[in-house]
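Going from the sequence shown to my numbering is simple: count from 1 and add 161.
Since the hints were made in silico from the structure, they are not lab data. Hints may be right or wrong, so weigh each one.
[What the hints assert, rightly or not] Think about it this way: if two alpha-carbon atoms lie no more than 30 Å apart in a straight line, the pair counts; the simulated DSSO-like pairs of lysine-lysine are: (1) 307 to 358; (2) 291 to 235; (3) 307 to 356; (4) 291 to 358.
[Stated by the list, open to error] Ranges between beta-carbon positions, derived for each pair: (5) 296 to 334: 44 to 54 Å; (6) 362 to 236: 10 to 20 Å; (7) 325 to 225: 12 to 22 Å; (8) 378 to 227: 31 to 41 Å; (9) 236 to 325: 13 to 23 Å; (10) 253 to 358: 36 to 46 Å; (11) 328 to 283: 31 to 41 Å; (12) 296 to 343: 41 to 51 Å; (13) 378 to 212: 42 to 52 Å.
Since the structure is predicted, the reported quantities are computational estimates derived from the model, not experimental observations. Built from N, CA and C at the ideal position, the CB exists for glycine as well.
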Amino acid sequence: MRWNTFALAALLALAGNAQAAPRAVLELFTSPFCSSCPPADELFVTLARDPDLITLVMPVDSYDRPGRKDALAKPAFTDRQMAYADVRHEGVLYTPQAMVNGAAEAEGSDQDEINNAIAQTAGVLSVPVKAVVTGTEIALSVGASKRAVDGGAMITLLPFMTSREIPMRGGETLRYANLVRDIIPVGRWNGKAVKQKLQLQNTAQYDGVVVLLQAGTPERPGAILGATRVPLRGTL
Numbered sequence: 162m163r164w165n166t167f168a169l170a171a172l173l174a175l176a177g178n179a180q181a182a183p184r185a186v187l188e189l190f191t192s193p194f195c196s197s198c199p200p201a202d203e204l205f206v207t208l209a210r211d212p213d214l215i216t217l218v219m220p221v222d223s224y225d226r227p228g229r230k231d232a233l234a235k236p237a238f239t240d241r242q243m244a245y246a247d248v249r250h251e252g253v254l255y256t257p258q259a260m261v262n263g264a265a266e267a268e269g270s271d272q273d274e275i276n277n278a279i280a281q282t283a284g285v286l287s288v289p290v291k292a293v294v295t296g297t298e299i300a301l302s303v304g305a306s307k308r309a310v311d312g313g314a315m316i317t318l319l320p321f322m323t324s325r326e327i328p329m330r331g332g333e334t335l336r337y338a339n340l341v342r343d344i345i346p347v348g349r350w351n352g353k354a355v356k357q358k359l360q361l362q363n364t365a366q367y368d369g370v371v372v373l374l375q376a377g378t379p380e381r382p383g384a385i386l387g388a389t390r391v392p393l394r395g396t397l
């Protein structure tokens, strides 16, 4: 396991009426054409049941070939995995890969490695993030921090489906939980409190949305400083 030393220092938690921060944000980069990925996909189905975790599954298009394309994969997910690799000075991408709090990496099918990464990055999620959805409008609230974050941070929306099953050849079925469908940049955060209202698009296609506050830029992502998850209909 390799740790990211960039932005691992915890920021000061703020008091008040902020929602409790999740214990961790876990991102899984996966592919149906990766023979090692189904165990990771199943593990993330289990992890998604933990209300203290925010899990996000992102199928990458690295394995797509002429005549063989994953309909759920998106270039933006591959770009995100590549950006993490660039920050970590890793020349090779692999699946299944889990990024933990944007600051540590683990084998996506190894729960012990993931748990160690969660412990290693404890305290990183320290800025309160709240979101309320009314109809097609989402109201965001990001708290302030007394500590400066070099280069600031980005606010990003990730709409997702809570579950999806994909039948494969040979009778196998792939199961995904919290399948991300888009990465939507919202704006920048410089340490001061932010409140913003946005119109959500294509809400009928999604079950919920995750809001991330993450150090750095899309090209140079750092530690995730705050996060929240909100349903778009019913309960998650």
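Of the numbered hints stated previously, which ones are contradicted by the structure, given in increasing order? Going through the list in order, the structure violates hints 5, 12, 13 and respects the others.
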